[in-house]
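Since the structure of chain P is already known, use the hints to place chain A on it.
Spelled out, the chains give:
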Amino acid sequence: MKNTTRLLDIVNRSLSGPLVEEDAFNRQVTQGIRRVVKEYQIQIHSEHIINQDDKLADRTWQAAIDFLATCGVYNQSTGRVILHSQKEILGALSSAPDQVWLGSGTDAVLERCRTVEDALVPLNMGSPIGMAIPEELFIPIMQSYIQEPLVDVACPGSLMTVQGQEIRVGSPLEILAAWEEVDLMRIALVRAGRPGMAWTGLVLSMSDAGQLSAVNPLGLKSSDMHTFGIISEQKANFEILNKLTQSIRMGGIVDPYANPIYGGFGGGIEGQAVLITAAMIALSVVFMATCCGSSPTHPFHFNDTGKEVMQATSLAFQALARNSHLLTNLTITPVGGPGTKTLLYETAAFGIMSTVSGISRILGPRAATGAFPAHCSGLEARFSGKILHAASKLDRMRAEELVQRAYACYEGQLDKKPHGLPFQEVYDLNTIQPLSEWQRLYDETIEEMIGWGLPID
Amino acid sequence: MNGKFTILEQAIRSGDISGGIAEASRLAESGELVFSIFHEGIEPCLKDIGDKFGRLEVFLPELIEAADVVKAVQESLKSYLKAGEVAQTQKGRIVLCTIQGDIHDIGKNIVKAMLEVNGFEVQDLGVNVSPMDAIQAAKNFNADIIAISSLMLTSLPYVKDAIEMVKQNEGYRSRFKILVGGGPVSRDWAEKAQADGYGDDAIEAVTQATHLIAN
Numbered sequence: 001m002k003n004t005t006r007l008l009d010i011v012n013r014s015l016s017g018p019l020v021e022e023d024a025f026n027r028q029v030t031q032g033i034r035r036v037v038k039e040y041q042i043q044i045h046s047e048h049i050i051n052q053d054d055k056l057a058d059r060t061w062q063a064a065i066d067f068l069a070t071c072g073v074y075n076q077s078t079g080r081v082i083l084h085s086q087k088e089i090l091g092a093l094s095s096a097p098d099q100v101w102l103g104s105g106t107d108a109v110l111e112r113c114r115t116v117e118d119a120l121v122p123l124n125m126g127s128p129i130g131m132a133i134p135e136e137l138f139i140p141i142m143q144s145y146i147q148e149p150l151v152d153v154a155c156p157g158s159l160m161t162v163q164g165q166e167i168r169v170g171s172p173l174e175i176l177a178a179w180e181e182v183d184l185m186r187i188a189l190v191r192a193g194r195p196g197m198a199w200t201g202l203v204l205s206m207s208d209a210g211q212l213s214a215v216n217p218l219g220l221k222s223s224d225m226h227t228f229g230i231i232s233e234q235k236a237n238f239e240i241l242n243k244l245t246q247s248i249r250m251g252g253i254v255d256p257y258a259n260p261i262y263g264g265f266g267g268g269i270e271g272q273a274v275l276i277t278a279a280m281i282a283l284s285v286v287f288m289a290t291c292c293g294s295s296p297t298h299p300f301h302f303n304d305t306g307k308e309v310m311q312a313t314s315l316a317f318q319a320l321a322r323n324s325h326l327l328t329n330l331t332i333t334p335v336g337g338p339g340t341k342t343l344l345y346e347t348a349a350f351g352i353m354s355t356v357s358g359i360s361r362i363l364g365p366r367a368a369t370g371a372f373p374a375h376c377s378g379l380e381a382r383f384s385g386k387i388l389h390a391a392s393k394l395d396r397m398r399a400e401e402l403v404q405r406a407y408a409c410y411e412g413q414l415d416k417k418p419h420g421l422p423f424q425e426v427y428d429l430n431t432i433q434p435l436s437e438w439q440r441l442y443d444e445t446i447e448e449m450i451g452w453g454l455p456i457d
Numbered sequence: 001m002n003g004k005f006t007i008l009e010q011a012i013r014s015g016d017i018s019g020g021i022a023e024a025s026r027l028a029e030s031g032e033l034v035f036s037i038f039h040e041g042i043e044p045c046l047k048d049i050g051d052k053f054g055r056l057e058v059f060l061p062e063l064i065e066a067a068d069v070v071k072a073v074q075e076s077l078k079s080y081l082k083a084g085e086v087a088q089t090q091k092g093r094i095v096l097c098t099i100q101g102d103i104h105d106i107g108k109n110i111v112k113a114m115l116e117v118n119g120f121e122v123q124d125l126g127v128n129v130s131p132m133d134a135i136q137a138a139k140n141f142n143a144d145i146i147a148i149s150s151l152m153l154t155s156l157p158y159v160k161d162a163i164e165m166v167k168q169n170e171g172y173r174s175r176f177k178i179l180v181g182g183g184p185v186s187r188d189w190a191e192k193a194q195a196d197g198y199g200d201d202a203i204e205a206v207t208q209a210t211h212l213i214a215n
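Sequences listed follow chains P and A, in order. Going by our numbering, the letters in the first sequence line up with residues 1 to 457, in that order. Going by our numbering, the letters in the second sequence line up with residues 1 to 215, in that order.
The set of hints was computed from the structure by calculation and includes no laboratory data. Any given hint could be a false lead.
The calculated lysine-lysine pairs, modelled on DSSO-like cross-linking and capped at a C-alpha distance of 27 Å, are [said to hold, decoys possible]:
no.: 1; chain 1: A; residue 1: 192; chain 2: P; residue 2: 417
no.: 2; chain 1: P; residue 1: 417; chain 2: A; residue 2: 160
no.: 3; chain 1: P; residue 1: 416; chain 2: A; residue 2: 52
no.: 4; chain 1: A; residue 1: 192; chain 2: P; residue 2: 416
Covered stretches of chain P (chain A as the covering partner; in silico rule of three or more C-beta atoms under 8 Å from a C-beta of chain A) [to be verified]:
no.: 5; region: 200-207
no.: 6; region: 228-235
For each residue, glycine too, the CB sits at the ideal point set by N, CA and C.
Just chain P, with the same shape it has in the complex (with noise of 0.2 Å):
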């Protein structure tokens, strides 16, 4: 079916499907992870970080398989479950797309879905992905990101204010604020010499109004990604099929994330690999996702760089990559921010784990979880670029060892949350490039790494 009349489809269903209370769907996504788990025997290998069990990732595969067929998504605003059969399930997965253009003229970059150890590299969304910026300094910022020949597409932060004025969600400011994102963001591909890079943005905006204001021909186009998140756990509503709507009507591409929380009701590991996994699948399933997205989060670090979530989050990403051909990517969440190597040991070993795991894109860094402001910087950017470059000529056992030799560099900073320094303080203002000392650090930590054997070029 094409997308909009799939779009219906998922409109009756959230009119059609089950009524259930809020906190017994909650109890039913408890209920129906714990079961697949011990069903599908899924245990993961301690040891690693990496998957390494080809066997697992099928089981994982088609434990959420069973399980978004049994729990399906819930649409808050109707009370009730959208659910699909496995036939369907397995039938929607499909048709989906295996490969995408974004962007236009000559910026314009093939994303194409990859398998585990692909050699293919995945491209690179370089960009703080909707951390708070000041609105004096937005164009430095995604610039600094945009210039870096490594980087392919862009996601930039989120306007503090507009115009001055603090932006207030639901009011005409919100309106506002999605309309300079946009004249903003044109501003900076342009001086960074990159009219046509896809991008996508409107983080901002929790509401569907501020969204749909500037998703059309003259904000967010066609060949840019719209993206929108779903609500943990597994759940929807109508403000978020509106966003949807409109970007299956601009025929744009949907470009949806869902972030599991990693003990929260999927449990530990196993149920966090799972849920990832069917999260993925309903995107695409339920919200005819171009591109499937996720950063899975630390319940109490807010970051996805930690041994935990990186297993689940191999184990998940090796399942779709070896059983369908979705789109996926990842965003790196560090918690380490610019000015310290601890971001770039975190983004080492989750640039390597995802690539090596099957993802077609991966965005990021969002430096210090992006919860300090404008603690961003193009010059991380640059360093994911290499990684993922690197990682592709890698297998998962070499893979395994170069992301715990990472892992060893910042396991003990991830309490401490090393934040760095914003952006103003690493950068020159007027010439947007790094500063020297973040220069050094940069530099000394890609010599490191090529001394373990990463092939960095």
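Here is chain A on its own, set in the frame of chain P:
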């Protein structure tokens, strides 16, 4: 942990509501004071579960299931309370919400579960709650603390509104403390906004709530 409460403790840890009720009733029938059942049996068990969740040795479902058992036990033991006797030490009453414009709830749910297992009575107001509704609910619930979660930058102005509404009203200021947390909410932001407390995560939320009640 006191040996005589082992079976009850096991029921709490395994989420066995009927088993918990049965054992609690048996203890009460055998002459155990309700206060002792809570103070020596249930509360240390819940504290241990909360601490384990803080180390991620158990997870949110176990936390919620344990709290569910305790709520059921509490209800079932009401008839055993002697005149003037209180069932358990209540640390304080908290209304909890995700602020206006924001519909993320899982962080709030984690905080709620942690507060409950640590002895607070919590009323969950849900998501997208206006500052005025939060304050009204606090009045109705006779709350000590209004705990607000925000995961969206663009919802922070509404958190500030809530703080301002409380601070500028003498009646509210003397009754309610405001505790804030969530992704874009930093310690720095909370201080500047004049919140009474800030929790970086669910664990700190409990510490802060305890501190606010004590002071």
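Honestly, which of those hints from before does the structure not fit?
none
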